[in-house]
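**Q** This is what each chain is made of:
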Amino acid sequence: QFASAAKKTLSKEHPCKRFVLYYHDILFDGGDVANATSATIANETKLGNFKFGKLVVFDDPMTRDSHLRSPAVARAQGFYFYDMKSDYNSWFAYTLVFNSTEREGTLNIMGADIMAAQTRDLSVVGGTGDFFMARGIATIETDTFQGAKYFRLKMDIKLYECY
Amino acid sequence: QFASAAKKTLSKEHPCKRFVLYYHDILFDGGDVANATSATIANETKLGNFKFGKLVVFDDPMTRDSHLRSPAVARAQGFYFYDMKSDYNSWFAYTLVFNSTEREGTLNIMGADIMAAQTRDLSVVGGTGDFFMARGIATIETDTFQGAKYFRLKMDIKLYECY
Amino acid sequence: QFASAAKKTLSKEHPCKRFVLYYHDILFDGGDVANATSATIANETKLGNFKFGKLVVFDDPMTRDSHLRSPAVARAQGFYFYDMKSDYNSWFAYTLVFNSTEREGTLNIMGADIMAAQTRDLSVVGGTGDFFMARGIATIETDTFQGAKYFRLKMDIKLYECY
Numbered sequence: 001q002f003a004s005a006a007k008k009t010l011s012k013e014h015p016c017k018r019f020v021l022y023y024h025d026i027l028f029d030g031g032d033v034a035n036a037t038s039a040t041i042a043n044e045t046k047l048g049n050f051k052f053g054k055l056v057v058f059d060d061p062m063t064r065d066s067h068l069r070s071p072a073v074a075r076a077q078g079f080y081f082y083d084m085k086s087d088y089n090s091w092f093a094y095t096l097v098f099n100s101t102e103r104e105g106t107l108n109i110m111g112a113d114i115m116a117a118q119t120r121d122l123s124v125v126g127g128t129g130d131f132f133m134a135r136g137i138a139t140i141e142t143d144t145f146q147g148a149k150y151f152r153l154k155m156d157i158k159l160y161e162c163y
Numbered sequence: 001q002f003a004s005a006a007k008k009t010l011s012k013e014h015p016c017k018r019f020v021l022y023y024h025d026i027l028f029d030g031g032d033v034a035n036a037t038s039a040t041i042a043n044e045t046k047l048g049n050f051k052f053g054k055l056v057v058f059d060d061p062m063t064r065d066s067h068l069r070s071p072a073v074a075r076a077q078g079f080y081f082y083d084m085k086s087d088y089n090s091w092f093a094y095t096l097v098f099n100s101t102e103r104e105g106t107l108n109i110m111g112a113d114i115m116a117a118q119t120r121d122l123s124v125v126g127g128t129g130d131f132f133m134a135r136g137i138a139t140i141e142t143d144t145f146q147g148a149k150y151f152r153l154k155m156d157i158k159l160y161e162c163y
Numbered sequence: 001q002f003a004s005a006a007k008k009t010l011s012k013e014h015p016c017k018r019f020v021l022y023y024h025d026i027l028f029d030g031g032d033v034a035n036a037t038s039a040t041i042a043n044e045t046k047l048g049n050f051k052f053g054k055l056v057v058f059d060d061p062m063t064r065d066s067h068l069r070s071p072a073v074a075r076a077q078g079f080y081f082y083d084m085k086s087d088y089n090s091w092f093a094y095t096l097v098f099n100s101t102e103r104e105g106t107l108n109i110m111g112a113d114i115m116a117a118q119t120r121d122l123s124v125v126g127g128t129g130d131f132f133m134a135r136g137i138a139t140i141e142t143d144t145f146q147g148a149k150y151f152r153l154k155m156d157i158k159l160y161e162c163y
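Residue numbers (my numbering), protein chains in the order written: chain A, 1 to 163; chain B, 1 to 163; chain C, 1 to 163.
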């Protein structure tokens, strides 16, 4: 009973750790290996006109501000795919990999990127190293979208379980 | 020590929230865009005769009863693939997306669909919105299987961490 | 407040359950169906020279010691893909499936396999059956790597939430 009561102290407004990072995705077009950070590994299907099934693997830089050329403070390694036939919509699973003097460790994240919504909440389902056993919410928002080539997400990482 | 003791109060028989939903998957055959809800994005390999490696992305309706045409109370967005060479077996990762007056938010789920078993337990690894920080178990059971075209799963969602 | 304090009793050095298993992956080359345990379902892309985007589905035996022919005490069912253009690096999501007189249930695991590091921590994000609602860390280490054909990982599974 007490455990139950105690648990209810978790509050959306009071994460135990919070930070914002920007995710930069430059899709490989077959030519620019030097700048590309992601690549399509399964092509879109003919189920609708919104890239249903297109699967992309990425190793994307995460920066503190929105500038692509700012120093990367982490990498986002994982994948996304499009999954709606009537509109653009996608699904993500990835790891934020930190490896600096400031932070070392990872955060594992998955969830639906409901693109019709201004902001979308994904689940932080685990962490390692400095983020040992963490859980929380990653709120993402499209910061810019430049066709198939480049898009940028703002990620507001809120941890509610910190150890 | 207390934390440890408190935690043990979690009981399989006493979820803090529970509901049953039906998952309907209609695989795209190249023709029927209007009705299809999923599509194959990587074909089966030649490792055995049970579709090993076939990867399917879905955006499937979830209904309260087993009728395909009942109103969808949520969408299941994610993927599954077959992964056994000696029998049918699969693996799922997906998000239940709720967007109604009754419930708003998501549940993130992953795990093995051990098709040889009558019921299979997947992990609910996180939640957002009305399901903020939830965890639990999703017990799935094949309700009907009509060849490659349509199958239906009963999903018994039991949450053990609610906030 | 108490919940917060209580939670901090989780210690990296004191898992509530711990065991080591070895993961054996024999990649299907098109010929040896009998011995293969995994298959490539999406080929590497031309983004760099380190198999970026190569996606493999597996159903691999897990043994107590490092011998491939030792009895499997569990199966690891899931997938990995390569995701770096400048070096080998990969990402895993899988389920450990236990089905013996000793243990029955599953553990769900995901995270980055940062191959440049000697050991890499993945997140155990959920469990079922005997591992009901478990969470923890899976520390993996490459035990042997024999080209494209066979590799073996040592997995040190440490659970910090046990019920």
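Treat the hints as calculated values from the structure; they're not laboratory data.
Don't take each hint at face value.
Heads up, the list lumps identical chains together, so a pair's fine if it works in one copy or across two of them.
[Unchecked claim] Below 25 Å or equal to it, Euclidean Cα-Cα: the simulated BS3-like pairs (lysine-lysine) are:
#1 Lys149 / Lys12
#2 Lys158 / Lys46
#3 Lys54 / Lys17
#4 Lys149 / Lys17
#5 Lys154 / Lys12
#6 Lys46 / Lys149
#7 Lys46 / Lys17
**Q** When Cα atoms must be at most 25 Å apart, do Lys149 and Lys12 count as within-copy, between-copy, both, or neither?
**A** Cα proximity of Lys149 and Lys12: none, with 35 Å in one copy and 42 Å across.
**Q** State whether the alpha carbon distance between Lys54 and Lys17 is at most 25 Å within one copy, between copies, both, or neither.
**A** neither (34 Å within a copy, 35 Å between copies)
**Q** Are the CA atoms of Lys158 and Lys46 at most 25 Å apart within a copy, between copies, both, or neither?
**A** neither (37 Å within a copy, 36 Å between copies)
**Q** Indicate which option fits the pair Lys149, Lys17 if close means a Cα-Cα distance not exceeding 25 Å: within, between, both or neither.
**A** Classified as neither: same-chain Cα gap 33 Å, cross-chain 43 Å, threshold 25 Å.
**Q** Within, between, both or neither: how does the pair Lys46, Lys17 come out at a Cα-Cα threshold of 25 Å?
**A** neither (43 Å within a copy, 39 Å between copies)
**Q** Taking 25 Å as the upper bound on the Cα-Cα distance, should Lys154 and Lys12 be classified as within, between, both, or neither?
**A** within (19 Å within a copy, 31 Å between copies)
**Q** State whether the alpha carbon distance between Lys46 and Lys149 is at most 25 Å within one copy, between copies, both, or neither.
**A** Both, since 21 Å and 16 Å are each at most 25 Å.
In the structure shown, a violation is registered for the earlier hints numbered 1, 2, 3, 4 and 7, in ascending order.
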